[in-house]
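Engineer: Residue numbers (the numbering used here), protein chains in the order written: chain A, 1 to 341; chain B, 1 to 341; chain C, 1 to 341.
Bear in mind the hints are in silico, worked out from the structure with no lab data behind them.
Treat the hints with care, since some could be wrong.
Chain copies aren't distinguished; within one or between two, either way the pair holds.
Distance condition first, Cα-Cα at most 30 Å in a straight line; then the derived BS3-like pairs of lysine-lysine [stated by the list, open to error]:
{"#": "1", "residue 1": "Lys55", "residue 2": "Lys76"}
{"#": "2", "residue 1": "Lys76", "residue 2": "Lys54"}
{"#": "3", "residue 1": "Lys158", "residue 2": "Lys201"}
{"#": "4", "residue 1": "Lys204", "residue 2": "Lys158"}
{"#": "5", "residue 1": "Lys55", "residue 2": "Lys330"}
{"#": "6", "residue 1": "Lys204", "residue 2": "Lys88"}
{"#": "7", "residue 1": "Lys55", "residue 2": "Lys201"}
{"#": "8", "residue 1": "Lys76", "residue 2": "Lys88"}
{"#": "9", "residue 1": "Lys204", "residue 2": "Lys55"}
{"#": "10", "residue 1": "Lys88", "residue 2": "Lys55"}
{"#": "11", "residue 1": "Lys54", "residue 2": "Lys204"}
{"#": "12", "residue 1": "Lys204", "residue 2": "Lys76"}
{"#": "13", "residue 1": "Lys54", "residue 2": "Lys88"}
{"#": "14", "residue 1": "Lys88", "residue 2": "Lys158"}
{"#": "15", "residue 1": "Lys88", "residue 2": "Lys201"}
Quick caveat, the model's predicted, so the values are computed rather than measured.
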Amino acid sequence: MPNHSFFQNQGPFPITELASISSCRLEGNDQLSINDVATIADATPNTITFLSNKKYASELASSNASACIISEEFIKSAPTSMTLLIAKDPYAAYAAIAHHFYPSHASSLGPSQTETIHPSATIGNNCYIAPTAVIGANAVIGDHATIDAGAVIGQYVKIGNNANIGANTTISHSIIGDDFRCYPGVSIGQDGFGFATVNGKHVKVPQLGGVTIGNDVEIGANCSIDRGANNDTIISDGCRLDNLIQIGHNVRLGRGCVVVSHVGIAGSATLGNYVVVGGQVGIAGHLTIGDMVTIAAQSGVAQNIESGQTVGGSPALPIAQWRRQAMALKRLVKPKKNKTS
Amino acid sequence: MPNHSFFQNQGPFPITELASISSCRLEGNDQLSINDVATIADATPNTITFLSNKKYASELASSNASACIISEEFIKSAPTSMTLLIAKDPYAAYAAIAHHFYPSHASSLGPSQTETIHPSATIGNNCYIAPTAVIGANAVIGDHATIDAGAVIGQYVKIGNNANIGANTTISHSIIGDDFRCYPGVSIGQDGFGFATVNGKHVKVPQLGGVTIGNDVEIGANCSIDRGANNDTIISDGCRLDNLIQIGHNVRLGRGCVVVSHVGIAGSATLGNYVVVGGQVGIAGHLTIGDMVTIAAQSGVAQNIESGQTVGGSPALPIAQWRRQAMALKRLVKPKKNKTS
Amino acid sequence: MPNHSFFQNQGPFPITELASISSCRLEGNDQLSINDVATIADATPNTITFLSNKKYASELASSNASACIISEEFIKSAPTSMTLLIAKDPYAAYAAIAHHFYPSHASSLGPSQTETIHPSATIGNNCYIAPTAVIGANAVIGDHATIDAGAVIGQYVKIGNNANIGANTTISHSIIGDDFRCYPGVSIGQDGFGFATVNGKHVKVPQLGGVTIGNDVEIGANCSIDRGANNDTIISDGCRLDNLIQIGHNVRLGRGCVVVSHVGIAGSATLGNYVVVGGQVGIAGHLTIGDMVTIAAQSGVAQNIESGQTVGGSPALPIAQWRRQAMALKRLVKPKKNKTS
Chain A
1 MPNHSFFQNQ
11 GPFPITELAS
21 ISSCRLEGND
31 QLSINDVATI
41 ADATPNTITF
51 LSNKKYASEL
61 ASSNASACII
71 SEEFIKSAPT
81 SMTLLIAKDP
91 YAAYAAIAHH
101 FYPSHASSLG
111 PSQTETIHPS
121 ATIGNNCYIA
131 PTAVIGANAV
141 IGDHATIDAG
151 AVIGQYVKIG
161 NNANIGANTT
171 ISHSIIGDDF
181 RCYPGVSIGQ
191 DGFGFATVNG
201 KHVKVPQLGG
211 VTIGNDVEIG
221 ANCSIDRGAN
231 NDTIISDGCR
241 LDNLIQIGHN
251 VRLGRGCVVV
261 SHVGIAGSAT
271 LGNYVVVGGQ
281 VGIAGHLTIG
291 DMVTIAAQSG
301 VAQNIESGQT
311 VGGSPALPIA
321 QWRRQAMALK
331 RLVKPKKNKT
341 S
Chain B
1 MPNHSFFQNQ
11 GPFPITELAS
21 ISSCRLEGND
31 QLSINDVATI
41 ADATPNTITF
51 LSNKKYASEL
61 ASSNASACII
71 SEEFIKSAPT
81 SMTLLIAKDP
91 YAAYAAIAHH
101 FYPSHASSLG
111 PSQTETIHPS
121 ATIGNNCYIA
131 PTAVIGANAV
141 IGDHATIDAG
151 AVIGQYVKIG
161 NNANIGANTT
171 ISHSIIGDDF
181 RCYPGVSIGQ
191 DGFGFATVNG
201 KHVKVPQLGG
211 VTIGNDVEIG
221 ANCSIDRGAN
231 NDTIISDGCR
241 LDNLIQIGHN
251 VRLGRGCVVV
261 SHVGIAGSAT
271 LGNYVVVGGQ
281 VGIAGHLTIG
291 DMVTIAAQSG
301 VAQNIESGQT
311 VGGSPALPIA
321 QWRRQAMALK
331 RLVKPKKNKT
341 S
Chain C
1 MPNHSFFQNQ
11 GPFPITELAS
21 ISSCRLEGND
31 QLSINDVATI
41 ADATPNTITF
51 LSNKKYASEL
61 ASSNASACII
71 SEEFIKSAPT
81 SMTLLIAKDP
91 YAAYAAIAHH
101 FYPSHASSLG
111 PSQTETIHPS
121 ATIGNNCYIA
131 PTAVIGANAV
141 IGDHATIDAG
151 AVIGQYVKIG
161 NNANIGANTT
171 ISHSIIGDDF
181 RCYPGVSIGQ
191 DGFGFATVNG
201 KHVKVPQLGG
211 VTIGNDVEIG
221 ANCSIDRGAN
231 NDTIISDGCR
241 LDNLIQIGHN
251 VRLGRGCVVV
261 SHVGIAGSAT
271 LGNYVVVGGQ
281 VGIAGHLTIG
291 DMVTIAAQSG
301 VAQNIESGQT
311 VGGSPALPIA
321 QWRRQAMALK
331 RLVKPKKNKT
341 S
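Looking at chain A on its own, in the form it has when it is part of the complex:
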């Protein structure tokens, strides 16, 4: 579900209006009133969801959504009680409908803030707000916080006690726990990388989730953490992120994960607790990485990994296999007499 701390729902809308603005064919109850957009898993009655990745087709049967945007070929995956908006490109149709519910707004701040600290912001006791820091409307900062120079805290952002926000950091669309530390130049809560390509044009899909960060989390310099597309991006308690890391929309990190610099985690990947990710690792989207997994530096992870595994290489293999592979490779180019190399 969109994060209503940050996004104002313009609905409800009649299903016929949604069909019209998205150029979909309607099958089912044309009297429906739709309250919101939602993912298949999180939908509640009177919301509309969408199916654009066949990986999720089997989940549709148990969704509580009243309506679904869907392509012709997957109609049979939908329960017969579900009203359907049939689209050639369901993701593009979803983009149009999501934009109808939530017309975009463009700044971390409200559209008219002129003060560096908005009068409606709540600042706890014993805080230091450096000169040139900017805090948006209705933001809430806990006690004993330090907000360094040039940091920008967006409207409705909530940050717990003992926060240490680095200089020139930008945080929007986020709810953050206690004991948060982030170093300079971090960007948190901006739009994820989501678009539908329609006739050669990449159409923006509204990014309606937020970022939820637990307690005792540390984020290194110049990291970027995108907010979710629909649900939140989640960084759980006790995580440690080094510098220059990319966290895509809807990524979920479990408790105590350690992520080294230049790692990229693509959208909707889920990491368990105490995962250790070496430097420059790439993790593809929509994967599930179990608890206590260790991923060697520079690995490329393109498949799910079970809890407790250690992997290396690109594409990543169990670490022992990767090491044998590296040895075998060396042997390939070394003659047995081992004189020429």
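Starting from the known structure of chain A, arrange chains B and C on it as the hints suggest.
Structural biologist: Here is chains B and C on its own, set in the frame of chain A:
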């Protein structure tokens, strides 16, 4: 040609003066007056160009430059009508001459701006300029723009309508179309990575190009896009860049390219239209990548790629070959009985 | 030794107090007064050091430290004259003791600065400080400097003459030479990535070093350079760093190194003079790379490299071997008749 929107030409200079300040030997017309520096391809009469990469030697014959900085060994590549400045290190000599025409200036702003919004800047209708945003002299911002807190727009920068500039972003030396969006922490228009090494010292080569960005372009958080060394770095209409991407000087992206996070594209690489570049890919300098090419995540591209190809691996291979290679590698370390692994 | 330009030592403390707050067992002189924490190599009398990486065990015998935090198994590595604090996890015990000497402070600025330029800062002649730039207490900026908009210079930072500090850059805990240039969005001097994991909690190890940058150094956009854990991170004269580079705590770059974008150099790695590091290279922690080494793009360096070598691949090999390996790999999947690929 240098981008005269941003750089003030101190010429013309007599060719003899240029020979003197660059310690070159002059061969040809010592009465020439030189108006500007230029690349071999873009030179016009009365400009001086340089040949430091033998890859471009064959282009020299058709150049319109009146003079060329060149090493002894390539003299025969130059047309006989061309006046030559003969140097041991033509790139270093070019650096000295370019610096003579364009003494560097150091800030995104003019050297004396004290206001956050310079009075000579033009701001369109219905714009929101957040507190602590800074706009330089003679900058032009179109209608309906949002410039978020801490964003810095350099002098003479032009941005079209409907721009959304993220917080703590810095943009200089750039001409940008309509419907531009960039997220927080982006750096656009700073000096490219160019120097000539002379007696163990890395001497800066003036970076005299700008950045040209088309319409409907989106740039993710914490990206860096260097301005050109001589011509502009170009991001064409409809491109989408994810977070933490490096675009080197004089890179050209065609229309509708999609570039995923942590990609590095080295100087003077040219990508066609609708190229898709996976996460953490590296593309070497001076390469040509055709239209509709797809590059798998973590690939290393060191050769030109023809239109329509899909490649993977480092060094990158056609995708089918790369997959067979990965399978063959696995077999190398798996005995046939497949018991021990 | 901690960098006393930036960190206020709260000691001395009786060794018994340090044993108590770190839950260590004391063996040796319980009347010792300890002045400071230090590394094994740099310790002076009346300081306490720690051994948590067995790689350094052999150095302990020649250390001048009066005391050492150590695990049971390495007691015999310590000279008999050394007083020992015996810990299950020496790194965690060190964290507690270091924090006792140097309680953390959280901002690049002092805890109460309200002016953008602190009155105690010293600014040289002929400087341009742009609007929204912030300069901390006791900072010293040389002559002819340009500090662009949104740049934040922390307290006690010293920067030589002719500096050009990019917009939205943050510099703290740093001593920098003449002719320094850094581009927008750079973060220098923030905490390194150091923690001890105790009962599932990642406990911060105070980062008490600074950053020392020589003369004529250039740092590209959106780089992050962490300060040292105990000694300084060092970037020597004449280095050139491209964009989006990660330099971990206690890394040392020799003179004239050239580092291309997206490189990550992990903590305590030491590079000699004139090392050239290609784009997206990763260098593991605690390695020694000799002078004049060249590392091909995307390499993963996991072992020391002798001076003058050129290496490539991940894991990195001598370049000729790496090339033969790539050729051998290609042959693996190409039948001799070469028809099917």
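Engineer: How do Lys88 and Lys201 come out at 30 Å by Cα distance, when the copy is not named: within, between, both, or neither?
Structural biologist: So Lys88 and Lys201 pass the 30 Å test inside one copy only (15 Å; across, 50 Å).
Engineer: Are the CA atoms of Lys55 and Lys76 at most 30 Å apart within a copy, between copies, both, or neither?
Structural biologist: Intra 15 Å, inter 59 Å, cutoff 30 Å: intra-copy only.
Engineer: Please work out whether the CA atoms of Lys76 and Lys54 approach to 30 Å or closer within one copy, between two copies, in both situations, or in neither?
Structural biologist: For Lys76 and Lys54, only the intra-copy Cα distance (12 Å) is at most 30 Å; the inter-copy one is 62 Å.
Engineer: If the cutoff is 30 Å on CA atoms, where do Lys55 and Lys201 land: within, between, both or neither? Let me know, please.
Structural biologist: Answer is within: at 25 Å inside a copy they meet the 30 Å cutoff, but 36 Å across does not.
Engineer: For Lys54 and Lys88, with the copy left unspecified, which applies at a CA distance of at most 30 Å: within, between, both, or neither?
Structural biologist: Answer is within: at 14 Å inside a copy they meet the 30 Å cutoff, but 51 Å across does not.
Engineer: Tell me, please, which holds for Lys55 and Lys330 at an alpha-carbon limit of 30 Å: within, between, both or neither?
Structural biologist: Between copies only: 27 Å across, 39 Å inside.
Engineer: If the cut is 30 Å between Cα atoms, do Lys204 and Lys55 qualify within a copy, between copies, both or neither?
Structural biologist: within (22 Å within a copy, 41 Å between copies)
Engineer: Should Lys204 paired with Lys88 be assigned to within, between, both, or neither, using CA atoms and 30 Å as the limit?
Structural biologist: So Lys204 and Lys88 pass the 30 Å test inside one copy only (17 Å; across, 52 Å).
Engineer: Is it within, between, both or neither when you check Lys88 against Lys55 at 30 Å Cα-Cα?
Structural biologist: Within one copy only: 18 Å inside, 48 Å across.
Engineer: Given a CA cutoff of 30 Å, do Lys88 and Lys158 count as a within-copy pair, a between-copy pair, both, or neither?
Structural biologist: neither (40 Å within a copy, 38 Å between copies)
Engineer: Tell me, please, which holds for Lys204 and Lys76 at an alpha-carbon limit of 30 Å: within, between, both or neither?
Structural biologist: within (28 Å within a copy, 54 Å between copies)
Engineer: Within a copy, between copies, both or neither: which one fits Lys158 and Lys201 at a CA-CA cutoff of 30 Å?
Structural biologist: between (36 Å within a copy, 24 Å between copies)
Checked against the numbered hints given earlier, the structure breaks only hint 14 and satisfies all the rest.
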